[in-house]
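Enquirer: Chains as they are written, first to last, in numbering that gives the first Met the number 0: chain A, 0 to 318; chain B, 0 to 450; chain C, 0 to 276.
No wet-lab data here; the hints were simulated from the structure. Keep in mind the model is a prediction, meaning the values are calculated, not measured. Be a bit skeptical, because a hint or two may be false.
[As the list claims (entries may be wrong)] Computed list of lysine-lysine pairs in BS3-like fashion (alpha-carbon distance at most 30 Å, straight line): (1) A:K306 x C:K5; (2) C:K5 x A:K228; (3) A:K306 x A:K235.
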Amino acid sequence: MSTTTLPPTKKDAPVSAPKVRASDRARGEKRLGWLLAGPAFAVMLLVTAYPILQATYESLFDYRLTDPENRSFTGLTNYWVILTDSLWWQSIGVTAFITVVTVAVELVLGFGLALVMVKALRALRPVLRAAILIPYAVITVVSAFAWQFAFDIQSGFVNSWFAWLPGVSENTDWFGDRWTALLVICLAEIWKTTPFISLLLLAGLAQVPEVLQEAAKVDGATRWQRLWKVTIPNMKAAIMVALLFRTLDAFRVFDSIFIMTNGANGTESVSFLAYRQTIARLEIGLGSAVSVLLFLAVVLIAFSFIKLFKVDLSQARGE
Amino acid sequence: MSAIPDPHSPRARTGVPGQGRARPRRLAGAAAGALLASGLAACGGGGGDASTLTWYINPDAGGQAEIAARCTEEADGRYTIETALLPRDAASQREQLIRRLAANDDSIDLMSLDPPFIPEFAQAGFLAPVPDDVADRVTEGVVESAVEGSTWDGELVAVPFWANTQLLWYRESVAEEAGLDMSEPVTWEQIVQAAEETGTLVGAQGTRAESLTVWFNALIESAGGSIITEASPGDPSQIELGLTSEAGVRATEVMQMVAESDAVGAAFSTANEDSTATGFESESGGFQVNYPFVYPRALGAAEAGTLDPSVPEDYAATIYPRVDEETPAAPPYGGINLAVSAFSESPELAYEAAECIVSDENQAYYFVTNGNPASSTAVYDDPEVLEAFPMAPVIRESLEQAAPRPQTPYYNEISVGIQRSYHPPSSVQPGETGENATELIKAVLAKEDLL
Amino acid sequence: MSTRNKVLWGIGGALIVVYCLFPIAWIVSVSLKAPSDLSNGSFLPSTPTWQNYDLILFGGASDLFLPALVNSFGICLIATAISCLLAMFAAYAIARLDFPGKKLILSTALAVAIFPVISIVTPLFNLWRNIGLYDTWPGLIIPYLSLTLPISIWTMSAFFREIPWEMEQAAQVDGATTWQAFRKVIVPLAAPGVFTTAIIAFFIAWNDFIYGISLTSTEAARPVPAALGLFTGASQFEEPTGAISAAAVIVTIPVVVLVLLFQRRIVAGLTNGAVKG
């Protein structure tokens, strides 16, 4: 093994009343447990299970909101229409692009932020912490507007500030081209969500045993070697959880695109496509099918993360 | 945001500011608490009392709320009009109204509707039939395009309210320098050439939004064609498009010529009405096609000291440019018409209120204070109107010539399909783009494609 | 740490602060620009003016913005309170009791958290219309629970796991009643976790956009993010950039205040108490 980790420590078992008679207690705890957790469980199911079942059902129909009389069962036709449409694959591509770029940059940047937070002077720490929480807490719509106005050819300052960069001039129309528009969308997303990643990574950094660091130092490992062989392997769980949450989040990107380009120039994400079919085009059947496919895609991503990368959520969440 | 609304409403810079708006809204705000208290409550607004009419208005500078208050007073207790605000862009206004109407919502009585969406509402059975006597009265002395815009399948389905149109705005100094005789009709080629010679800009709306359809429709109609040649009210798969016709190709050529010329600004593919007006106010302003709001906008900026007062003095307006020298132009038509919901509890009262709202007096008030041109021709002789808008006669003439956008219940599909195919305008290919657009729109109408 | 290192990390820290605050500074700057000053091409306004704030707080747009602000606060606070209450019971059960289905509840919370909101909106709209919840406070509070409950359950159960529950028994041994033991010992220990969870849940509800634009239509329930789309410039064709920026600044103030007051707790909450400040 080329990396150094400590064996997992035993987790604390829940502390509860001393054992009397196992079966009695188990029954009582079960009842109490469901009594307490039941309402939350029921609310979660109600607000999500019902709509997704309804959407799945409606996705099998040709159904236009303004024309309910002609609603007809068409089976999987809607899915066929979507999966054979280049616009769907383009949206998947755009969504995947935004996801990969933002998550990758955020991971590196977030790691850097976390390192600075650990190393910075004690006096600086509260300032840093407050600063880093602000992008996290700001409404996405507000952040989208701020970035849009900044890059806007009329109201923005970016063009006049960065005119010295090759390819940027007073007349650069950031939202007029697909890739520059996507770049601005990615920048806004990265700004908004890097703090969340860096906080999760910060938690991971704190879990790296100091003993191992010292041992590696004694063995003459360079700073770089220590980072790759000790620090990162020991915070793999935290990294994976951060990755998973952000990937799923990024895959549902909607607000920024809605505000900044409204889907123009090939910047539609899958969420946006679903919105356009259902809300703007009023094709409930087709739109529901897009929603269901989006849901399946998200489940697939979550599943493959958990299975392929063996992300142990319970470990990272301190279960 | 790039959503482009059809109507417009310059804030009254000279007249009464939007104070009328506050009254009804406070009521609604107060209602929020009551709604919460009752837990389960019907939708907001003035449900319950049949003599209270709820009028959903597009955002403006307060004119519609003031008109509502005036009509309420005039009605002397027979009805009370409360206003509720719709989103800024026309597409979102439609989305919100249509979802509520599809659910048979009886809390909407009157609606300020953007004309292209009227057929969709009418076809779906969301509009209460216009009584014959009302229809006769509200179409008398009204510009042709506004009547057309309120008609679906041969019947009047809405009450013409105000009518908007784009003019060709030019800087007199620039036209003079280029030696262009603006008293005669001009073509797109001429203004692009004049702008290139004088190093000025030609402004048009190249952004991917409703305004692109507005532009393209004006081009194809000016070339003697139409986006839709066979409306087929009942069956969307039978809709015939005229995009590949000679006029369609000609319109595409003009669009390409303008977009590729040196006369358009750097951000042409994201240019909307507002940025076009900004470009026209700048030093390189030469020509633009735009709605009348650009005039009070420039006057306001001059008053605020951010624009040299000599600039608005240099403004002049004439009829929309022609595509071909011989054929009169078909300028864009927009505005707002009033519709009465089929689910209203008191449609008769609602029509009575609608007639009051569109009275010549109210239209003149709205024109002068909010800058929204009247659909009634008599208003254009009002001295106050002429004082606020010296170009009022041109607006009226333009409205008489104007062509509505395609009238079809599937307007959204067609317009978004056009925006997808003809954007960015510099990429269009005469012939090819029309074919692609036809293919896409047909597939979308047949529900074989996403949009 | 050497002085050189200290300086380097200090510079790094300063860069972070600039990075985090720059867009906020920009939107504040835009909100202080007069409409005709917007395209001046520079970061700062030529002459700062309060006119955008005046417009949305006292002027023509105030009857649009102020009810929206009240709605946003009311709806988000109620949604936060409900989800914290429900999550408190659930988290207690998860942290303290051993019962089958614990995993199921946690996985459900996870599944709900990753759920694409857009998939829920349309069916919910139709249902709300039928039962009269459309455009009401409860009509937004309920879907907001789908956003706030999962994170509340996860965060709170992580907090509750760290509570030394044996102290409760110790107090009882010392003669306190069950209720006293709970009130005097457990409540003070659990309160910070509940409070932190509430802040995070509030942030999430406050951030919503899709539900806000889809499930409301009047001042009766419309929250601020949805109201931003209704502002109008001097005319409907003119972009209401200034009004939007001023409103954006105002909705940012509450979250900034929360961050400044409770930053340590929020960090602990987000990382489940793994980092001790």
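Enquirer: Against each hint, give a clear statement of whether it holds in the structure.
Expert: Hint-by-hint comparison with the structure:
Note on A:K306 and C:K5: the hinted pairing is violated, with a Cα-Cα distance of about 42 Å set against a maximum of 30 Å. Annotation: proposed proximity of C:K5 to A:K228 holds, straight-line Cα distance about 25 Å (limit 30 Å). With a C-alpha separation of about 15 Å, the suggested pair A:K306 and A:K235 falls inside the 30 Å cut-off, and the hint holds.
The structure is inconsistent with hint 1 alone, although it conforms to all the rest.
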